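Here is what each chain is made of, one letter per residue.
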Amino acid sequence: MSAMNTDLSAARLQIPAGVANRWSMVFGGIGLLGLAATVSGFFSESTRAEALSAYLVAFFYVLTLGVGAMFFAALQHLVGARWSVVPRRIAENYGAFTPWIALLFIPIAVFAKDILPWMNIEGIKNAEYKTAVTLAMESKTWYLTVPFFYGRAAFYLLFWAFAGLFYYRNSVAVDSTGDAHTILKMRKAAPVVVILFGLTLSFASFDWLMGVDPTWATTMFGVYAFAGTMISTLALVTGTARTLHGYGYMEGVINDEHYHDLGKLMFGFTVFWAYIAYSMFMLIWYANLPEETVWYRKHWENGWSTLTWALILLHFLVPFFGLMARNAKRHPVILKAIAYLIVVMHWVDLFWLVVPLVREHMSFTWYDFAAVLGTAGLFFGVAARTFGKAALVPIKDPYLADSMGYDNG
Amino acid sequence: MSQKSSVALEDNVFGVVAEYKSPGALLEAVKAVRQAGFTAIDTYTPFPIHGMDKAMGLRPTILPYMVLCGGLTGVGCAILLQWWMNGFDYPFIIGGKPIISYQAYVPIGFELMVLLSALTTVFGLFALCRLPQPYHPLFTHERFARFSDDGFFLAIEAKDPNFSEARAREALAAAGGTEIAVVRDIVET
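Keeping their order, the protein sequence lines are chains H and U. Going by this note's numbering, the first residue of the first sequence is number 1, and it counts up by one from there. Going by this note's numbering, the first residue of the second sequence is number 410, and it counts up by one from there.
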């Protein structure tokens, strides 16, 4: 771009430590209360199933936000994007949450056999007589073993923690050194990180979400999880940018062009999510095989159709028409409202994936809300601290001037 | 045709045209000429120039709204088509599904939406740009062929209320223009 004013001295790019820590305490406090309430439900036989399904949904919710943010940062390096240097630090900050995912996984690891039914089915291969369940499970016995399950989980969690910290720490290091070699290092790691991200997120969704009904399988599941991860991460980055901007941060650094582009990506991935959701549904509906359609039947009967329609309306139609116009993507309030709507609806989406399989009638229990307030509270509590530690944009990134002068035309 | 002849009349001025060395120079020239009070201007370049819409003060296009109408028409027609044909005109049970199975309407609805959106985009663009345009007064200017190679042209048209040959020449020259020429339209007699 042409000569661009990159004087950052006037811009507010640093959240004062006091402010960041105060927000961290508020969010973290809500998080700990929520987690305590949820975990208390694990120890009673009567509430365990409810509390565990609520926790599984809430755990996967912050997992996708943290891992998705790490992926967003890696993706910008992979394609050598310049427009996104300004909003990239927001994603890097959220990506630094990834080590905490391993901590949040502990309850899942401990109570796995209470939420993943295949752990209780002994000797499927040697069963005396075959039932629908053993038949559906036979070909999967090599994959669904306890040691392999925990081994895979350890690999996903280690990789996410490593990759999240890698992109956060290197990017912050450039703030003081200004060393372009560090950028190059992040760029060289990007292809590996992106490929492993695709594999680990897909298999984690198979292991932890699809495994709730081990007799049922679709190869689309991993793509569906990715679509939800991508759209909610973009929405989170956009919403956070708008919120920080609203408090007077990043003024003169982030502008309508960045929001416009984030809005375009959100619009595109809203369509992608709907496309994948329908692709997953349509083939099963059309082929009409009982062992496959039963999954959608559970998502339709006993009141669950209401939630399904709500998802179609609020996760697709409202963001789709809401983000279509150029002016909407550049409008501070409309863009922020739709971004946060998507962030919330992503939790509903994950709830929709898991809970109809374990709860016959459509209902929300207070565990559902306690669990999501718990994990999301922790997520934003950790993030608030991270946001206060470094500048809100990569101040010495060689492409920062390009990003600030970027114009959609 | 043989009865008609084409002549250039002295007083039938289309406008004044100038050439600039680079896209950047043209962009600056457009800003300068608009600053000087001219509104009926147009640029002719081998490729689209980033930021030129804004510099020329062009109004946002209505094409997206036309495409939205095209797309909605496509979806609507697709739903009506499938609903009426399979539900009433020729009811036929397929795969044990109810006769009116809206779940199956999505792919056709999507396809017709894309088709009508795309057709509206292409033909709407042609209509809004008044294409095809086999003749333009600037074609009479000898150097104008270079607009599709390496020429960056800026023309101030005679329909501008502030237009006079002298003023237009002066503004284009002040903005760094070279090869400034008055273009006269051909009139059929």
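Hints in this document: simulated from the structure, not taken from any laboratory. Take the hints with a grain of salt, since some may be wrong.
[What the hints assert, rightly or not] Sample of chain U residues with no beta-carbon within 10 Å of chain H, all distances over it, derived:
hint : residue
1    : 452
2    : 459
3    : 499
4    : 556
5    : 560
6    : 585
[To be verified] Across the chosen pairs, the derived CB separations fall in these ranges:
hint : chain 1 : residue 1 : chain 2 : residue 2 : range
7    : U       : 591       : H       : 187       : 47 to 57 Å
8    : U       : 481       : H       : 310       : 15 to 25 Å
9    : H       : 187       : U       : 460       : 20 to 30 Å
10   : U       : 570       : H       : 264       : 32 to 42 Å
11   : U       : 535       : H       : 19        : 54 to 64 Å
12   : H       : 264       : U       : 449       : 28 to 38 Å
13   : U       : 587       : H       : 191       : 43 to 53 Å
14   : H       : 142       : U       : 506       : 48 to 58 Å
15   : U       : 431       : H       : 191       : 48 to 58 Å
16   : U       : 481       : H       : 150       : 47 to 57 Å
[Claimed, not checked] Pairs of lysine-lysine residues, derived as DSS-like cross-links and limited to a Cα-Cα distance of at most 30 Å, are as follows:
hint : chain 1 : residue 1 : chain 2 : residue 2
17   : H       : 336       : U       : 568
18   : H       : 264       : H       : 336
19   : H       : 185       : H       : 336
20   : U       : 430       : H       : 298
21   : U       : 430       : U       : 568
22   : H       : 336       : H       : 298
23   : H       : 396       : H       : 188
24   : H       : 185       : H       : 264
25   : U       : 463       : H       : 264
Because the structure is a prediction, the values reported are computed rather than measured. For glycine and all other residues, C-beta sits at the position ideal for the given N, C-alpha and C.
(request) Take the C-beta atom of residue 591/U and the C-beta atom of residue 187/H, compute their distance, and say whether it sits inside 47 to 57 Å. (result) Since residue 591/U and residue 187/H have Cβ atoms about 55 Å apart, the given range 47 to 57 Å holds.
(request) With a cut-off of 30 Å on the C-alpha distance, tell me whether residue 185/H and residue 336/H pass. (result) 33 Å, violated
(request) Can you let me know if the beta-carbon spacing of residue 431/U and residue 191/H is within 48 to 58 Å? (result) Between residue 431/U and residue 191/H, where Cβ atoms are some 37 Å apart, the hint is violated.
(request) Check the non-interface label on residue 499/U: least C-beta distance to chain H beyond 10 Å or not. (result) 20 Å, holds
(message) Tell me if the straight-line CA distance from residue 430/U to residue 568/U falls inside 30 Å.
(response) At roughly 26 Å apart (the allowed maximum being 30 Å), residue 568/U and residue 430/U satisfy the hint.
(request) Starting from the hint 32 to 42 Å, judge whether the C-beta atoms of residue 570/U and residue 264/H obey it. (result) For residue 264/H against residue 570/U, whose Cβ atoms are near 39 Å apart, the range 32 to 42 Å holds.
(request) Test the statement that residue 560/U is away from the interface with chain H: the closest C-beta pair must be farther apart than 10 Å. (result) Non-interface label stands for residue 560/U: nearest chain H Cβ at 22 Å, farther than 10 Å.
(request) Take a look at whether the Cβ-Cβ distance between residue 587/U and residue 191/H falls inside 43 to 53 Å. (result) Taking Cβ atoms as reference, residue 587/U and residue 191/H lie about 49 Å apart, which means the hint holds.
(request) For the pair we were handed, residue 336/H and residue 568/U, check the Cα-Cα distance against 30 Å. (result) 45 Å, violated
(request) Could you say whether the range 28 to 38 Å given as a hint is met by the Cβ separation of residue 264/H and residue 449/U? (result) Once the Cβ atoms are compared, 34 Å apart, the range 28 to 38 Å for residue 449/U and residue 264/H holds.
(message) Check the hint pairing residue 336/H with residue 298/H against an upper bound of 30 Å on the C-alpha distance.
(response) The hint is violated at about 34 Å.
(request) Just tell me: holds or violated, for the beta carbon distance of residue 481/U and residue 150/H against 47 to 57 Å? (result) 51 Å, holds
Consistency note: the structure conflicts with the earlier hints numbered 2, 14, 15, 17, 19, 20 and 22.
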